[in-house]
Structures are given as structure tokens and as C-alpha cells.
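> Residue-level listing of the chains:
Number of protein chains: 2
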Amino acid sequence: MTDAHKEFMDVFPVVAEELLAHLRSLNIPQNAIEWFERSMRHNVLGGKMNRGLTVAETLRILKRGQSLTEEEIFKANLLGWCIEWLQAFFLVSDDIMDNSKTRRGQPCWYRVDGVNMVAINDAFILESAIYFFLKKHFKKDEYYVDLIELFHETTYQTELGQLLDLITAPEDDVDLSKFSIQKHSFIVIYKTAYYSFYLPVALAMHMAGVKDEAAFKQAESILLPLGEYFQVQDDYLDCYGNPALIGKIGTDIEDNKCSWLINQALAKATPEQRKVLDENYGRRDEANVIAVKEVFTEINVEGLFKAYEEDSYTRLSALIAKVDHPLLSQDVFTTFMKRIYKRTK
Amino acid sequence: MTDAHKEFMDVFPVVAEELLAHLRSLNIPQNAIEWFERSMRHNVLGGKMNRGLTVAETLRILKRGQSLTEEEIFKANLLGWCIEWLQAFFLVSDDIMDNSKTRRGQPCWYRVDGVNMVAINDAFILESAIYFFLKKHFKKDEYYVDLIELFHETTYQTELGQLLDLITAPEDDVDLSKFSIQKHSFIVIYKTAYYSFYLPVALAMHMAGVKDEAAFKQAESILLPLGEYFQVQDDYLDCYGNPALIGKIGTDIEDNKCSWLINQALAKATPEQRKVLDENYGRRDEANVIAVKEVFTEINVEGLFKAYEEDSYTRLSALIAKVDHPLLSQDVFTTFMKRIYKRTK
Ligand SMILES: [Mg+2]
Ligand SMILES: [Mg+2]
Ligand SMILES: [Mg+2]
Ligand SMILES: [Mg+2]
Ligand SMILES: [Mg+2]
Ligand SMILES: [Mg+2]
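As given, the protein sequences belong to chains A and B, one line each in that order.
For the first sequence, this note's numbering gives the first residue as 402, with consecutive numbering after it.
For the second sequence, this note's numbering gives the first residue as 402, with consecutive numbering after it.
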């Protein structure tokens, strides 16, 4: 574990205890406190924590080598944890909506014995914790309202992306004519890029005292396409990645996902190929999946991805090279880029 | 429809259009906009709107006859609508968690054809609308942060009440030893009283410029017991009310609800009566319900309620008579009291 990682992890027990102490002060019965704690540990912990770690990392870059105070490190990491709590809120509910079985190598929360639909309310509680933390630790900061509004807006954006995803690709009603590259782009930018890429950087910018709206716009103009590229990789790896590396066996084809691959295939398919896709996408049988993958091979969707990856690298590097706002630094973005370019997991 | 009611209803189309215009500006595909609008109309409209109407009503009282400007009326009613949106968020998810069939005379949203678990995300979107409205209409007001924090805290309180309710009285695991009068009190205060009674008054107080924490505490000290009394009536009417008046046939006994009646009965039951309750509460058969109601009759739970009602009236009237904060008015509370004392619906 790096120092930065350790500093981040050390914040969890402190803030988890703040929540629990508050509950105890309300005299809420003990069984509810125990439930709350179990939900929090099950759902907030266990991920890769990349989003959470990015806040302090970005703040360090923005402060240009000036060392951070202990308080700044704590607060940046707490904002990182707020993203992890936000993600927990999204994932608990996403798993119910997607009828998923496992998450991070354990059963989804709603599938844990005795939980079931109570998980919906547990998701709400995970979201509420964010604003409890912000009030407790940032109320006196002049950027307090900016943080709250940023979390609200990011939450709303993610929900809108989720909505379009859910109604475009319902598992029980396969209709490929609903898919399009434009919808795919809207879904991934709203459902993933805002909260995973823009949010951690924007939080660090607020802590660094950035006020100029143009700086936020410039950051967003790189981080959203970067997040879109990341999600296209995710779609690619689901089908062509090494399950040992990505930690799961992809099921986007079976799940009728509006993924980048199927949209590329649909754009290029002959009427015969389209028929095969219509008849086999979003179905559970091995034979259906093989038929879809054959069309992908015929259309050379893998090759299209490789070209997209090269093009994205060129395009994003050019965008980064033009970053000139005095309160930003190209390093913020190259750090992301290095971490994800040609990733295999 | 009274003038106040009409003024309130006239705000809905204006603010609904604000949400839709914002969505259109994001270029979110049309099918998502239509879904969003359908969810909003199904879930926000159709209730009695008492909570929503209370904000402007309270503001008028606090302004002591001074007539409100058109802008003040609009903003007070918008805050009222924010409560209705908050309630929609709670009810959509509560119906899923309770496995309910109908709400306000129509199918629950998650049971509408094609909706299903997408309703969870729709509930989130209903919640997000609140903060969209607050930012759009109150950002320049010095009490903007107070409004946001009040909505956050009330939401969290309601979620904690919902949590205790869900784990105390799960439908599929009847265990009356989990019930207690203390838990009942916590559940109803957190799940109902904060958002239905305290929230509308506190919102009006913020608009009226009240800053003194003591005034809010004094209002809360009456509104929470008032809300508790209201919910005890609700529990009573579920069993002993006239279905033609309350608009539904109560099923609290079948649903294993931790209601005031069962808690009174448990507190007074002989071992034999307790056995009957254990064996019959929370079960679907007519015979089970009759057996429970017989024990209620033996214990004279109705009489206990009548005594509680008288006692509540005396106790709450005394509390109201002591309201002396210069920024409050006893009328705020007597209005509530008159509306609910000995209500039959
Ligand atoms: Mg999912
Ligand atoms: Mg999903
Ligand atoms: Mg994926
Ligand atoms: Mg219910
Ligand atoms: Mg319920
Ligand atoms: Mg009831």
C-alpha cells in the first residue's frame, strides 16, 4: 500500500464512527445501528477506490508540490470517500435493477440473507451520509455550497444516464432498433464519466480554491471524453478481455447491454448480419452468444476498437496539450491517461 | 377549490416545465423525457397535498396578516411542491419495499406496465428535482443553504424511521417480541412527523426570515408530538375507521405492522392473549384477523385510544399555549390541531 493509499484508508474508520456516534445520539434502537453498519461495510468497502484516491492526488498536483497540511489531506480524502459512498448508493440500486447476483466477489447487498428490498432504503441512507459528512467538515468553508451543488448535479446526471440505459436496454425486451451510437455516448457520459472522472477532479479544484467557471469547463471538456473512452474500453474488455485479469466473465451480450461493440456492429451490419444480431443478442444460450460474436468477427469490431483507441489517444493528448488555464495543470489529465491507455483490466 | 389551493396547483405546470426544459437542453433522447414526465405526473400528483399547502399557509400566519407578494406566494408554494416531490420519492420506493399494489386509487408506479425496478431510479430522479428547484429559485436567498440542509436532514430522518420500520416488522417474519412502544414512537416520529409536520413549518419559518435556533426547537417540540398523535390516529382508523371515509380497507394486522394498537395490546396482554396474538398477527386469513381483533376488544384497545386522544389534546394544547417565541404564533399549531383532533378520515 502506498502512503497515499494508507492515508485514504485511515479516514474510513474515523468517518464511519462519526455516522454511528450520531445514530447513537438519536437513541435509535441497537438493531438498526447494527444493520446500518453492516450495510455500510458491505457496500462502501471492497472496491478499487480509484475515484476516492483521485481527489487527494489531484489536489497535490494542483498545489504544485506545495505540501498539504494534515487537515487538507484528511478533507481531500473525506471527499474521496463521499464519492465512494455515492458509488455505493448507485451500485446497491443498480444491482437490484439489473437483477445482478454478485458484486466485488460477494453477493449483491439485496441478495444477502434477510435484506431483499430493504436494500433500496439502505441505498438512500448511503446517499444521505454524503451530506452529513459535508455539513460536519465543510460547513465553515466558503466552497461548502459548491460541494453540495456538485454532488447534487453529479447525482442527477448519473440518474439520467441510468434512466436512458434502463429504458434503452431492458433485459426482458430486446429491440436493437432502440440502440444508437448517440444514445451509447449519452449513457456512458452521464452514467459513468461525470461521477467517475469529472467529480473527483472538480472536488479537488474546489478545495484548491478554484472559482473560475472556465477552469471547470476546461477540465470537464477533457474528463468527459476520457470517461467515455474508459467506458468503451470496459465494453471491449467485457467481450475480448482476459477474464483472469478483469475479474469476471463478461455477459454484456447476454444482458442486452447497449455497449459500444453492438452499436459499431449495428452501424456496419448487412441485412443478413443484422438479422443474426436481432435473433441472438440479449439471449442467454451459449449458441446465441457465439452467433453474435461471429458477426462481431466478420465486421471486425475488434479492429474498430483498436482504431478507436489510437484515435482517442491522439485526440485526448491534443486536448490535454492545449490545457492552459493558470489554475489547472496538464498533469492532472496525463495521470488519468497513463492509467487507462491500453489497459487490460 | 380555495384561492390558496388554486395558487398552489398553478405552480405545478410551471415548475414541471422547468425540469423538462432543462432535460431538453441536455439533448437527452425523447423517450427518456417522456418517461420522466410520465413518472413525475403519476407520482407527484394525486395526493391530498396537505403538506404542500401548509408552507404558504404557515407563512401567511407568520407574516401576521401582512399580505404576501406574488413572488413570496410562488416561492412558498414551490417549497410546498418540493415536499410533494420528496414524498413521491418516498412513496415510490416504499411501495416496492412493502410489495403494495395500489396507491391513491391507481397501481403503484413499479406495477405500471413496463416500469418494474426502473421505478427505483425514477424515485432517485424525483428526489433530485428538489435540489434543481432550490438552486433555480433560492440560490440568491441568504437562507438557501438552510433550505438544502433542512431537506437533507429531513430525508435522512425519514430514511432512518423507514429502516427501523422495515427491520422491526418484516412482512415475512412475524416476531412480536421485536415490537415496543418505544420503537413505535421512534418509527412514527422519524418516518412521518419530521417530513409531514416539522418540514413545512420550518420551510415557512426560513422564508419568514427566522434565524433563532430556539424558535425552530420550539416549533419542533410541538410538531413532532402532533405528528405522532396523527400517526396513532392513522393506526386507529386503519382498524376502527369507516372504510368509506378513509378510502381504503385497513390491512395493518395482516401486514404485520408495528402499529400503536398492537403495541398497546402487547403491553397489556395476559399470557393466553399473547399466545393468540403471536399465532394470528401478520397473517392473511380472515380468521386470523378476527382472532386478533377479539383480543383487541378484550383489552379494550379502542378505549385506550380514546383516552390517549383526550390526553394528547390536553397535552398538546398546553404545549401550544406556552408558545411564546416572538417570531412564532400559536395559530400555526392550532390550525394543525383543529384539522386533526378527532378526525375520522
Ligand atoms: Mg449493473
Ligand atoms: Mg445497470
Ligand atoms: Mg461493463
Ligand atoms: Mg407502505
Ligand atoms: Mg413501508
Ligand atoms: Mg396506516
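FYI, nobody ran anything at the bench for these hints, they're computed from the structure.
Hints should not be assumed to be uniformly reliable.
For lysine-lysine, the following DSBU-like pairs were computed, each having C-alpha atoms within a straight-line distance of at most 35 Å [claimed, not checked]:
(1) Lys541/A x Lys536/B
(2) Lys502/B x Lys612/A
(3) Lys743/B x Lys723/B
(4) Lys541/A x Lys502/B
(5) Lys541/B x Lys536/A
(6) Lys536/A x Lys743/B
(7) Lys612/B x Lys502/A
(8) Lys540/A x Lys536/B
(9) Lys618/B x Lys723/A
(10) Lys723/B x Lys537/B
(11) Lys449/B x Lys723/A
(12) Lys743/B x Lys612/A
(13) Lys723/B x Lys694/A
(14) Lys464/B x Lys540/A
(15) Lys502/B x Lys536/A
(16) Lys536/B x Lys464/A
Computed from the model, here is a short list of chain A residues facing chain B with C-beta under 8 Å [as the list claims (entries may be wrong)]:
(17) Ile429
(18) Gln431
(19) Phe437
(20) Ser494
(21) Ile526
(22) Ser529
(23) Phe534
(24) Asp542
(25) Tyr544
(26) Val546
(27) Glu550
(28) Leu551
(29) Leu561
(30) Gln563
(31) Leu565
(32) Lys584
A virtual CB, placed ideally from N, CA and C, is assigned to each residue, including glycine.
> Which hints from the list above does the structure break, by number from lowest to highest?
Violated hints (numbers, rising): 2, 4, 6, 7, 9, 10, 11, 12, 13, 15, 18, 23, 24, 25, 28; every other hint is consistent with the structure.
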